[in-house]
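Protein chains in written order, with full-length UniProt numbering: chain U, 1 to 570; chain F, 1 to 276; chain C, 1 to 185.
Honestly, the hints are just simulated from the structure, not real lab data.
The C-beta atom is built at its ideal place from N, Cα and C for all residues, glycine as well.
Please note that the accuracy of each hint is not assured.
[Claimed, not checked] With a Cα cut of at most 25 Å, we get these calculated PhoX-like pairs of lysine-lysine:
#1 26(C) with 391(U)
#2 230(F) with 74(U)
#3 391(U) with 9(C)
#4 230(F) with 86(U)
#5 353(U) with 26(C)
#6 266(U) with 242(U)
#7 62(F) with 163(U)
#8 62(U) with 177(C)
#9 233(F) with 163(U)
#10 232(F) with 26(C)
#11 110(C) with 26(C)
#12 98(C) with 413(U)
#13 9(C) with 77(U)
#14 97(C) with 62(U)
#15 163(U) with 58(F)
#16 86(U) with 9(C)
#17 173(C) with 62(U)
#18 14(U) with 26(C)
#19 230(F) with 77(U)
[Unchecked claim] Label pairs and their computed distance ranges (CB to CB):
#20 52(F) with 305(U): 47 to 57 Å
#21 243(F) with 305(U): 53 to 63 Å
#22 61(U) with 62(F): 46 to 56 Å
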Amino acid sequence: MKKPVIEFHNYSFKYNSQVEPTLRDLNFTIYEGEKVLIVGPSGSGKSTIGHCINGLVPFSFKGEVTGSLKILGKEAKSLDIFSLSKMVGTVLQDPDGQFIGLTVGEDIAFALENDCTEQQAMHGIVDEVAKMVEMDGYLTSSIHHLSGGQKQRVSLAGVLVDKVGILLFDEPLANLDPATGKYAIELIDRIQKETNTTVVIIEHRLEDVLHCPVDRIIVIDDGRVVADMSPDRLLASKYLEKSYIREPLYVKAAKYAGCEIMEEMKPAHPSTFALDGCRDQLLTWVEAVDIVPSSEKREPILELKDISFSYEPGRETIHDVSFSIEKGEMVSIVGKNGAGKSTLSKIICGFEKLSSGQILFDGHDITHDTIKERSLRIGMVMQNPNHMISKNMIFDEVALGLVIRGVPEEEVKERVETTLKICGLYPFRNWPISALSFGQKKRVTIASILVLEPEVIILDEPTAGQDLRHYTEIMEFLVELNRQGKTIVMITHDMHLMLEYTPRAIVIKGGRKIADDSAAAILTDSRIIQQANLKETSLFELAKRLEIGEPRRFVERFIAYDREVRNIWQ
Amino acid sequence: MAVEMLSYIDRKSPIHELTGVTKLICFIIWSSAAMLTYDTRILAFLFIFSIVIFLISKIKLKEISFILIFILVFLLLNNIAIYVFSPQEGVKIYGTSHVLFEIFGRHNVTIEQIFYQINITLKYFTVIPVALLFIATTHPSEFAASMNRIGVSYRISYAVALALRYIPDVQRDFRNIALSQQARGIDMSSKEKLPKRIKNATSIIIPLILSSLEKIDTISNAMELRGFGKNKKRTWYSARPFQKRDYLTLIAFALLFVISMVVTYYDGDRFYNPFV
Amino acid sequence: MFKKLFSIKTIVAIGIGAAVFIILAKFASIPSPIPNTSIQTSYAFLALMAIVFGPIAGGLIGLIGHALNDAISYGSVWWSWVVVSMIVGFLIGLVAKKIDIESGDFSKKKIITFNITQVLAQAIGWLLIAPLLDILIYAEPANKVFAQGFFAVVSNIVTVGVIGTILLIAYAKTRSKSNSLHREL
Ligand SMILES: Nc1ncnc2c1ncn2[C@@H]1O[C@H](COP(=O)(O)OP(=O)(O)OP(=O)(O)O)[C@@H](O)[C@H]1O
Ligand SMILES: Nc1ncnc2c1ncn2[C@@H]1O[C@H](COP(=O)(O)OP(=O)(O)OP(=O)(O)O)[C@@H](O)[C@H]1O
Ligand SMILES: [Mg+2]
Ligand SMILES: [Mg+2]
Numbered sequence: 001m002k003k004p005v006i007e008f009h010n011y012s013f014k015y016n017s018q019v020e021p022t023l024r025d026l027n028f029t030i031y032e033g034e035k036v037l038i039v040g041p042s043g044s045g046k047s048t049i050g051h052c053i054n055g056l057v058p059f060s061f062k063g064e065v066t067g068s069l070k071i072l073g074k075e076a077k078s079l080d081i082f083s084l085s086k087m088v089g090t091v092l093q094d095p096d097g098q099f100i101g102l103t104v105g106e107d108i109a110f111a112l113e114n115d116c117t118e119q120q121a122m123h124g125i126v127d128e129v130a131k132m133v134e135m136d137g138y139l140t141s142s143i144h145h146l147s148g149g150q151k152q153r154v155s156l157a158g159v160l161v162d163k164v165g166i167l168l169f170d171e172p173l174a175n176l177d178p179a180t181g182k183y184a185i186e187l188i189d190r191i192q193k194e195t196n197t198t199v200v201i202i203e204h205r206l207e208d209v210l211h212c213p214v215d216r217i218i219v220i221d222d223g224r225v226v227a228d229m230s231p232d233r234l235l236a237s238k239y240l241e242k243s244y245i246r247e248p249l250y251v252k253a254a255k256y257a258g259c260e261i262m263e264e265m266k267p268a269h270p271s272t273f274a275l276d277g278c279r280d281q282l283l284t285w286v287e288a289v290d291i292v293p294s295s296e297k298r299e300p301i302l303e304l305k306d307i308s309f310s311y312e313p314g315r316e317t318i319h320d321v322s323f324s325i326e327k328g329e330m331v332s333i334v335g336k337n338g339a340g341k342s343t344l345s346k347i348i349c350g351f352e353k354l355s356s357g358q359i360l361f362d363g364h365d366i367t368h369d370t371i372k373e374r375s376l377r378i379g380m381v382m383q384n385p386n387h388m389i390s391k392n393m394i395f396d397e398v399a400l401g402l403v404i405r406g407v408p409e410e411e412v413k414e415r416v417e418t419t420l421k422i423c424g425l426y427p428f429r430n431w432p433i434s435a436l437s438f439g440q441k442k443r444v445t446i447a448s449i450l451v452l453e454p455e456v457i458i459l460d461e462p463t464a465g466q467d468l469r470h471y472t473e474i475m476e477f478l479v480e481l482n483r484q485g486k487t488i489v490m491i492t493h494d495m496h497l498m499l500e501y502t503p504r505a506i507v508i509k510g511g512r513k514i515a516d517d518s519a520a521a522i523l524t525d526s527r528i529i530q531q532a533n534l535k536e537t538s539l540f541e542l543a544k545r546l547e548i549g550e551p552r553r554f555v556e557r558f559i560a561y562d563r564e565v566r567n568i569w570q
Numbered sequence: 001m002a003v004e005m006l007s008y009i010d011r012k013s014p015i016h017e018l019t020g021v022t023k024l025i026c027f028i029i030w031s032s033a034a035m036l037t038y039d040t041r042i043l044a045f046l047f048i049f050s051i052v053i054f055l056i057s058k059i060k061l062k063e064i065s066f067i068l069i070f071i072l073v074f075l076l077l078n079n080i081a082i083y084v085f086s087p088q089e090g091v092k093i094y095g096t097s098h099v100l101f102e103i104f105g106r107h108n109v110t111i112e113q114i115f116y117q118i119n120i121t122l123k124y125f126t127v128i129p130v131a132l133l134f135i136a137t138t139h140p141s142e143f144a145a146s147m148n149r150i151g152v153s154y155r156i157s158y159a160v161a162l163a164l165r166y167i168p169d170v171q172r173d174f175r176n177i178a179l180s181q182q183a184r185g186i187d188m189s190s191k192e193k194l195p196k197r198i199k200n201a202t203s204i205i206i207p208l209i210l211s212s213l214e215k216i217d218t219i220s221n222a223m224e225l226r227g228f229g230k231n232k233k234r235t236w237y238s239a240r241p242f243q244k245r246d247y248l249t250l251i252a253f254a255l256l257f258v259i260s261m262v263v264t265y266y267d268g269d270r271f272y273n274p275f276v
Numbered sequence: 001m002f003k004k005l006f007s008i009k010t011i012v013a014i015g016i017g018a019a020v021f022i023i024l025a026k027f028a029s030i031p032s033p034i035p036n037t038s039i040q041t042s043y044a045f046l047a048l049m050a051i052v053f054g055p056i057a058g059g060l061i062g063l064i065g066h067a068l069n070d071a072i073s074y075g076s077v078w079w080s081w082v083v084v085s086m087i088v089g090f091l092i093g094l095v096a097k098k099i100d101i102e103s104g105d106f107s108k109k110k111i112i113t114f115n116i117t118q119v120l121a122q123a124i125g126w127l128l129i130a131p132l133l134d135i136l137i138y139a140e141p142a143n144k145v146f147a148q149g150f151f152a153v154v155s156n157i158v159t160v161g162v163i164g165t166i167l168l169i170a171y172a173k174t175r176s177k178s179n180s181l182h183r184e185l
């Protein structure tokens with residue numbers, strides 16, 4: 001009999017400030033050595049479950065708990081947070097709270113210091129763990145100077161020093177590039193095998209987590225458990241679709257083609273997925289494709305000419321980047337963590353002053369325009385929502401730009417409410433932002449820019465941490481704006497998003513542009529994929545297994561069909 | 001926005017090699033000596049000695065010139081203020097009055113006043129090189145460990161470490177908030193008029209403060225999860241062990257302190273009076 | 001006892017508070033004609049922190065924030081004024097319990113309590129302690145240091161009175177009351 005380590009029994013939790021409970025009547029058990037994935041729409045209560053396990057609920061987040069939660073056989077209520085921290089190691093969702101130490105070494109050592117570990121022993125453990133996550137060359141680097149992927153590794157190392165029995169990851173993949181994401185999942189898998197810990201992962205990127213085997217998936221919707229089963233069984237069911245969670249693309253394609261997915265087909269991984277039964281269906285499905293006509297050439301709206309930039313003297317972050325974006329285009333900017341994508345977007349908006357080069361908007365030189373002047377035409381959603389929010393209340397935050405521009409009150413109200421509906425935030429309009437989940441916060445920042453309807457919109461990782469439904473709503477709204485002639489630039493790590501919505505993609509590597517081509521062409525160029533840490537989607541893999549000559553056609557067929565299906569939600 | 005701040009300068013020098021604890025204690029001894037004495041001879045000696053230490057540290061004047069200029073301007077203004085408010089202070093202290101020339105009323109210029117003001121300036125000057133060095137040669141990670149070592153509670157020491165750790169973060173937040181406000185239409189560049197700019201600047205302060213308060217919650221949660229504060233003590237990853245040179249330096253500074261106190265106070269007055 | 005006085009939250013509040021104090025002192029202060037003094041928005045923030053986190057946090061934010069700021073911007077520490085920042089933060093914090101800002105209620109009566117306290121605290125600090133320490137340590141002329149103290153007290157009382165009150169009102173608004181949030185369709 002396996003030993004239970006986390007047992008929720010009729011467990012409910014209500015935050016003090018809320019009227020309704022956030023978690024309702026949870027019943028599930030996680031056993032020793034298991035690897036469990038928790039999925040669910042944004043705002044469904046996943047992070048809250050994580051906080052119950054690590055003790056932040058109710059020690060730090062106050063509220064009403066009913067029912068019972070046992071960690072390693074002990075009632076969580078009866079333990080203090082220190083004893084819990086010996087049992088559970090957590091990597092938090094909010095990147096701002098993750099690092100405490102000044103340097104990598106210190107941060108990894110933090111828990112050891114608190115345990116009064118002898119200095120020499122401490123250095124030994126830190127070295128060992130740093131090697132495990134391949135950060136041993138960076139022990140004296142300052143945390144500020146790491147890229148997103150490296151930061152993720154350090155936070156992992158920080159919990160690994162503490163030989164805990166349970167590891168809890170809240171969205172470990174958000175903001176990681178596809179290759180690093182894959183690496184992180186492999187790393188978690190390896191560590192679990194080596195140390196035989198119980199692992200709980202909360203993630204929106206289901207397909208990416210399934211890259212390594214998972215024992216069970218728990219689906220949460222609106223604070224309730226709606227499914228708790230093995231990945232194979234779950235993928236054969238309708239639960240994911242019902243809760244608007246993105247299924248693995250190859251499974252979705254098979255479903256669209258009319259195949260019936262069964263547990264025995266082992267759909268959890270594209271390489272084990274037994275296709276034989278539905279090969280023909282997929283092949284006929286792909287025949288009925290109508291390729292979207294490529295649009296005609298238009299005049300450029302935004303031109304970058306030989307842009308160079310450095311944060312610190314002597315170390316250039318952007319080298320000689322030039323590209324031009326046409327009016328009414330939708331373009332992706334992709335590339336490895338730390339390549340300089342966000343930096344580039346900040347340069348375009350005037351947040352950073354370029355050291356050489358020129359930026360043209362509609363043919364006019366805007367290199368020396370102020371941020372405000374640029375903001376009238378270019379809107380930007382930054383990567384970290386905490387960097388944008390400046391009001392307490394959701395409504396005020398979204399209305400801010402309109403109010404500053406002197407738009408009449410009536411109109412402000414109307415436009416803000418419409419935008420809040422698009423971003424799925426209307427029910428929360430009178431809430432303080434501090435009571436939102438992380439994904440909801442990100443949507444507030446998207447809403448605050450969309451409401452201004454600028455001619456060019458730049459979005460830095462707009463869909464990170466969003467569920468499929470909100471993703472679709474936001475993206476379809478962008479498409480609608482695009483049809484009205486607005487230009488959209490997206491920085492993203494989601495390869496499928498790039499294929500689906502942006503015909504063209506620009507690839508950045510080490511501050512240089514290394515490719516500028518159609519999205520599909522980029523994802524079939526293995527040299528670029530490798531250089532820029534990109535990844536083919538599983539649809540390509542499926543197409544190859546089906547021996548379809550042109551995988552691109554297959555992907556395009558999927559996208560067209562998928563968009564149509566999801567349009568019904570609106 | 002990029003205001004320069006004094007921070008750790010990485011270098012290989014005998015001063016850098018001393019532990020943070022040694023430097024902290026020496027810094028305290030030094031400041032106390034300079035604070036207590038008004039003896040010109042001692043001050044002059046301390047000043048010259050501090051220049052020597054500065055040279056040993058291999059920190060270049062250029063690297064800290066921005067702060068030096070600041071200090072010089074401050075001292076100049078301070079001297080002017082002292083003279084304007086109290087032109088007879090020197091006469092009062094030293095008991096004699098050698099007038100050099102008259103300006104008007106009380107405002108004549110006496111040798112005593114000049115001597116007194118030179119002493120005040122010297123007093124500041126003796127502390128500055130050592131204080132600058134203390135900051136420029138002590139790695140911030142070692143700072144908290146050192147405070148804890150000399151007896152400050154580790155909780156307070158860690159608060160100081162957090163302050164040092166988060167200054168760049170808060171500065172970045174400040175900038176980000178300013179930028180994102182501008183990106184939604186508030187103009188803070190020089191193209192807007194000054195009073196409006198001041199008013200707009202205040203619109204950054206409130207979000208900065210509120211977001212910092214939220215950050216306090218996030219960070220204390222993270223620290224709690226990683227077991228901060230569970231024991232009466234804690235160890236430090238970046239503390240460095242004491243070596244012979246540390247003991248020698250401490251002994252030298254202690255001696256220096258005793259000698260300067262003896263010389264200063266043996267005539268019962270903290271001022272050195274060349275006029276009688 | 002000690003552990004209670006210095007909960008993790010208090011420690012973090014002191015650390016982050018000191019960092020914010022420094023950033024405000026550097027970027028959000030308006031220089032004044034009298035040397036060594038300027039109109040400091042950072043004191044409004046100090047008052048807020050003292051009310052939210054109590055006297056110990058208030059005092060230490062003043063002490064650490066001011067000392068570090070002196071150190072990194074002027075290369076040395078003016079202890080006489082640093083001590084005053086500490087005392088002002090501590091004294092204002094003494095009414096933290098009474099005001100109880102966490103309740104989300106910052107009524108007129110509480111605004112008055114806050115302002116009387118801050119005026120008293122600052123008067124004691126800038127008019128009494130700062131000049132005395134300047135005279136003791138640096139033997140600076142009495143009328144000069146009192147003039148400086150007088151200017152500091154006037155400008156700081158106004159700054160804390162106006163900006164500090166605004167900050168506290170804004171903070172009180174963020175404290176959502178229990179059972180107040182529900183989805184409105
Ligand atoms: N501190 C809080 N105070 C009050 N309500 C909160 C608080 N934190 C979260 N909530 C509420 O609980 C709900 C669930 O939040 P939670 O962070 O658990 O969501 P999540 O599933 O992790 O979402 P995401 O995928 O966006 O991170 C949210 O709708 C939010 O309104
Ligand atoms: N404020 C800053 N000061 C100094 N260096 C910085 C700063 N911001 C970013 N960098 C560095 O510049 C490089 C590019 O960073 P940037 O944030 O643009 O990467 P990115 O492509 O957006 O990566 P990610 O996909 O992880 O978001 C990185 O090496 C990073 O360490
Ligand atoms: Mg979450
Ligand atoms: Mg980025």
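Quick rundown of the hints versus the structure:
1. Distance restraint check for residue 26(C) and residue 391(U): the Cα-Cα separation of roughly 23 Å lies within the 25 Å cut-off, and the hinted pair is therefore satisfied.
2. At roughly 20 Å between alpha-carbon atoms, residue 230(F) and residue 74(U) fall within 25 Å of each other, so this suggested pair holds.
3. For the given pair, residue 391(U) sits about 23 Å from residue 9(C) by alpha-carbon distance, which is consistent with the 25 Å threshold.
4. The straight-line distance between the Cα atoms of residue 230(F) and residue 86(U) is roughly 11 Å, inside the 25 Å bound, and the hint therefore holds.
5. Under the criterion of a C-alpha separation no larger than 25 Å, the hint pairing residue 353(U) with residue 26(C) is consistent with the structure, at around 22 Å.
6. A hinted pair counts as satisfied when its Cα atoms are at most 25 Å apart, and residue 266(U) with residue 242(U) qualifies at roughly 21 Å.
7. At most 25 Å may separate the alpha-carbon atoms for a hinted pair to count; residue 62(F) and residue 163(U) exceed this at roughly 48 Å.
8. Distance hint between residue 62(U) and residue 177(C) is fulfilled; the C-alpha atoms sit about 12 Å from each other, no more than 25 Å.
9. Between residue 233(F) and residue 163(U) the alpha-carbon distance is near 21 Å, which keeps this suggested pair within the 25 Å criterion.
10. Between residue 232(F) and residue 26(C), the direct Cα distance comes to roughly 36 Å. Violation of the 25 Å bound is thereby established for this hinted pair.
11. Of the pairs offered as hints, the one joining residue 110(C) and residue 26(C) is violated, with about 30 Å between alpha carbons and a cut-off of 25 Å exceeded.
12. Between the alpha carbons of residue 98(C) and residue 413(U) the distance comes to roughly 39 Å, so the proposed pair goes past 25 Å and is violated.
13. Of the pairs offered as hints, the one joining residue 9(C) and residue 77(U) holds, with about 21 Å between alpha carbons and a cut-off of 25 Å not exceeded.
14. At most 25 Å may separate the alpha-carbon atoms for a hinted pair to count; residue 97(C) and residue 62(U) meet this at roughly 20 Å.
15. Pair hint residue 163(U) plus residue 58(F) does not hold up; C-alpha atoms about 44 Å apart against a cutoff of 25 Å.
16. As the CA atoms of residue 86(U) and residue 9(C) are separated by approximately 20 Å, the hinted pair is consistent with the 25 Å bound.
17. Among the hinted pairs, residue 173(C) with residue 62(U) is consistent with the structure: their alpha-carbon atoms are about 18 Å apart, no more than 25 Å.
18. Annotation: proposed proximity of residue 14(U) to residue 26(C) is violated, straight-line Cα distance about 42 Å (limit 25 Å).
19. For the suggested pair residue 230(F) and residue 77(U), the alpha carbons sit about 18 Å apart, so the restraint of at most 25 Å is met.
20. A C-beta distance of roughly 54 Å is found between residue 52(F) and residue 305(U), which places it inside the suggested range of 47 to 57 Å.
21. Range check, residue 243(F) to residue 305(U): Cβ separation about 57 Å, and the 53 to 63 Å hint holds.
22. Separated by about 51 Å at the C-beta atoms, residue 61(U) and residue 62(F) satisfy the suggested range of 46 to 56 Å.
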